[in-house]
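Spelled out, the chains give:
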Amino acid sequence: MRLTLACLLSLAAFAQDGGTITGRISDTFGYRVSGATIQVKNTATGALYNKGTSEATGEYMLGGLPDGAYELSVRMTNMKPYVRREIAVRTGQSVRVDITLQDDVRLGTLGDGGRFFQRRRPAPPTGPTPRMPDGKPDLSGFWAPGPADQSEDEPPQGLPWVEAVVKARVANDLRDMPTARCLPNGVTQQAGRGKFVQTPTLLVILLEFPGDTRQVFLDGRVHPQELDPTWLGHSIGRWEGDTLVVDTVGFNDKSWLTMIRNPYPHTEMMHVIERYRRPDLGHLDLEMTVEDPGAFRKPWVVKRTANLDPTDELMENICSENEKDLKHLLDK
Amino acid sequence: MRAKIALLVTGTGLLAAIPMFAHHSFAAEYDRNRPIKLTGKVTKVEWMNPHARFYVDVKDDAGKVTNWEFELGSPNGLMRQGWTRNSLKEGDVVTVEGSLAKDGSNLANSRTVKLADGRKVFAGSAEETGRTESKVESK
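Line order of the protein sequences matches chains A and B.
When you line the first sequence up against the numbering used here, it's residues 2 to 333, in that order.
When you line the second sequence up against the numbering used here, it's residues 24 to 162, in that order.
Chain A with its partners taken away, still in its complex shape (with noise of 0.2 Å):
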C-alpha cells in the first residue's frame, strides 16, 4: 500500500489540546468501512491513546495526542491489518490519515469472503424510477448488494431454544449450514437481492445460488388455507403507494435466518414482510420483517440495499455439480 504525503494549510481553528489524527477508511470497493478498531502508540514512550472504531461515515478523530512520533494500527473483521508508523503529531495539529483496507480474502472462503464476490462494480445508474403501464414502480433488475447497514448487526431475540440452536451452531464452525448441502439460502437470508422480473400480476425473483425461483403474485390472491410447508413460502404483494408489500407465509423449518452472521432458526410460524422501494433508477430499499412466534421474542427487522449493475448478470450455478466440500466438514 502506497501512501502519499502532502501538506495543507486549514484555516480551522482547532481548540483541543494535543493533536488530532484524523481520516476515513474505506475498502477498495470505494465504500466506507464503520467499526474498524482504530489505535495509536506513541513511539517512544509506548502509551496506547484513544482506542475506538470508525463511524459509520468511515470517518475517525483520535484526539488530545501529545507532540510525538505515533503509529497508528487498524483492525477489521475479513480485512488486512493496517499499521502506519512515524506519524509526527504536534499540538494544535490536525494529521489526516485516510486509509484503504484490503479485504483479507481466501477464493474458497464463501461467507468469510463474501465481500470478494460484490467485485468492483461500477456506480448505479441515475435517473427516475422506472414505472409500469399502470404508474407502479417497475422493481426489474439484476440487483447486487449495497454496503451492509448496521440493522443487521442486531441478532434477533430469540427464545431460549433458539438461543441455543444458535451457540451449538456457531460451536460447530456452521458446518451444517443448508447451502453445503446445495439447498437453499432461504427467503431471509437473499431477500432484496437476485434478478427481479415484475409483470403487472407477478414478480419472479429468480436467485443464482442455488437456483431458486420465488413466485410473489400480484393478481389480488390471499394465502391458501391449507399451505405444504417449504423453503421459500407462498408470497403475495400488494402496493402501498409506491411501496411493494411482500408477505410470505407457508415456511419449512429448515433455513437459518442468514448463513452466517445471524445463523437463527424459525419455525413453520415464520412470516415475513418484505417492503420494497424503488426510490430512483438504481437503487432497491428493502425492510423485512421476521415475526415467528415460536422462535423470536420480538419481531427481528433489518435493512438492505441493493444496487442497480446493468453490466452484470444472473448466472448459471449448479450446485451439485461437482460438490466436494461435504466430505471434509468436521463435525466437532
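Simulated from the structure, these hints should not be mistaken for laboratory data.
Heads up, a few of these hints could be off.
Here are the simulated DSS-like cross-link-like pairs (lysine-lysine), alpha carbons at most 25 Å apart as the crow flies [unchecked claim]:
1. A:K255 to A:K196
2. B:K64 to B:K112
3. B:K64 to A:K168
4. B:K60 to A:K81
5. B:K64 to B:K143
6. B:K125 to A:K325
7. A:K81 to B:K137
8. B:K112 to B:K137
9. A:K328 to B:K125
10. B:K64 to B:K125
11. A:K325 to B:K60
12. A:K81 to B:K143
Residues of chain B placed beyond 12 Å of chain A at every Cβ, according to the derived structure [stated by the list, open to error]:
13. M71
14. N132
15. D140
Just so you know, these numbers come straight off a predicted model, no measurement behind them.
Idealized CB from N, CA, C, for every residue including glycine.
Following the hints, position chain B against chain A.
Relative to chain A, chain B alone:
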C-alpha cells in the same frame, strides 16, 4: 521442484460480512491458523460449481510427488473478478498460498495463485491498488 510448506500462526478472527453467495462454512473445513505455500505443476482444472478447483503435483525435498487439491471461489464469482476458464491451465507452474484442510487431506483453500512469471491468477482482487492517501493538515 522443491516443495515449500510454510506453517505460520496468524490471529485473524472469524466473523463475516454479508455474503452474496455462501456455500459452506470456511472454518468447518479449513484452518486459518495453518497457512500453506506450495509450488508445483497444475495437473487438472475443474471449472465447475459450486467451486472451481485445481490440482497440483508438488515434489518434496525427497523427490516424492503428491497431488494437492486447491479450492477456489465459484466460477461465477471468479468471472466477476475478470478471470476465465482459461486463466489457469494444465501444465502451468504455480505457487499457491492458502489454508490447509482440517481433516488432514491434501486439500487447501486458495488465497492467491501466482504463475511462475509472477503474474497472479485468481487473486482476491483483480486489481490491487493502493489508493490510500494521507494528508497533513496544520493550521
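Evaluated hints:
1. For a cut-off of 25 Å, the pair hint linking K255 (chain A) to K196 (chain A) stands: about 24 Å separates their Cα positions.
2. With a CA separation close to 10 Å, the supplied pair K64 (chain B) and K112 (chain B) stays within the 25 Å bound.
3. Only pairs whose Cα atoms come within 25 Å are accepted, and K64 (chain B) paired with K168 (chain A) is rejected, the gap being roughly 43 Å.
4. Distance check on the hinted pair: K60 (chain B) and K81 (chain A) sit about 18 Å apart at the alpha-carbon level, within 25 Å; holds.
5. Between K64 (chain B) and K143 (chain B) the alpha-carbon distance is near 15 Å, which keeps this suggested pair within the 25 Å criterion.
6. Simply put, K125 (chain B) and K325 (chain A) have alpha-carbon atoms about 15 Å apart, close enough for the 25 Å limit, and the pair holds.
7. A C-alpha spacing of about 19 Å is found between K81 (chain A) and K137 (chain B), which places the hinted pair at or below 25 Å, so the restraint holds.
8. Under the criterion of a C-alpha separation no larger than 25 Å, the hint pairing K112 (chain B) with K137 (chain B) is consistent with the structure, at around 12 Å.
9. Pair hint K328 (chain A) plus K125 (chain B) holds up; C-alpha atoms about 12 Å apart against a cutoff of 25 Å.
10. Straight-line distance between C-alpha atoms of K64 (chain B) and K125 (chain B) comes to about 24 Å, which keeps the hinted pair within the 25 Å bound.
11. Taken as a hint, the K325 (chain A) and K60 (chain B) pair is honoured in the structure, with Cα atoms around 22 Å apart against an allowance of 25 Å.
12. For the proposed pair K81 (chain A) and K143 (chain B), the alpha carbon gap of about 19 Å is at most 25 Å, so the pair holds.
13. A beta-carbon of chain A comes within 12 Å of the beta-carbon of M71 (chain B); the shortest separation is about 4 Å.
14. A beta-carbon of chain A is positioned within 12 Å of the beta-carbon of N132 (chain B); the least distance is around 4 Å.
15. No beta-carbon of chain A comes within 12 Å of the beta-carbon of D140 (chain B); the shortest separation is about 20 Å.
Going down the numbered hints, you'll see the structure goes against 3, 13, 14, while the others check out.
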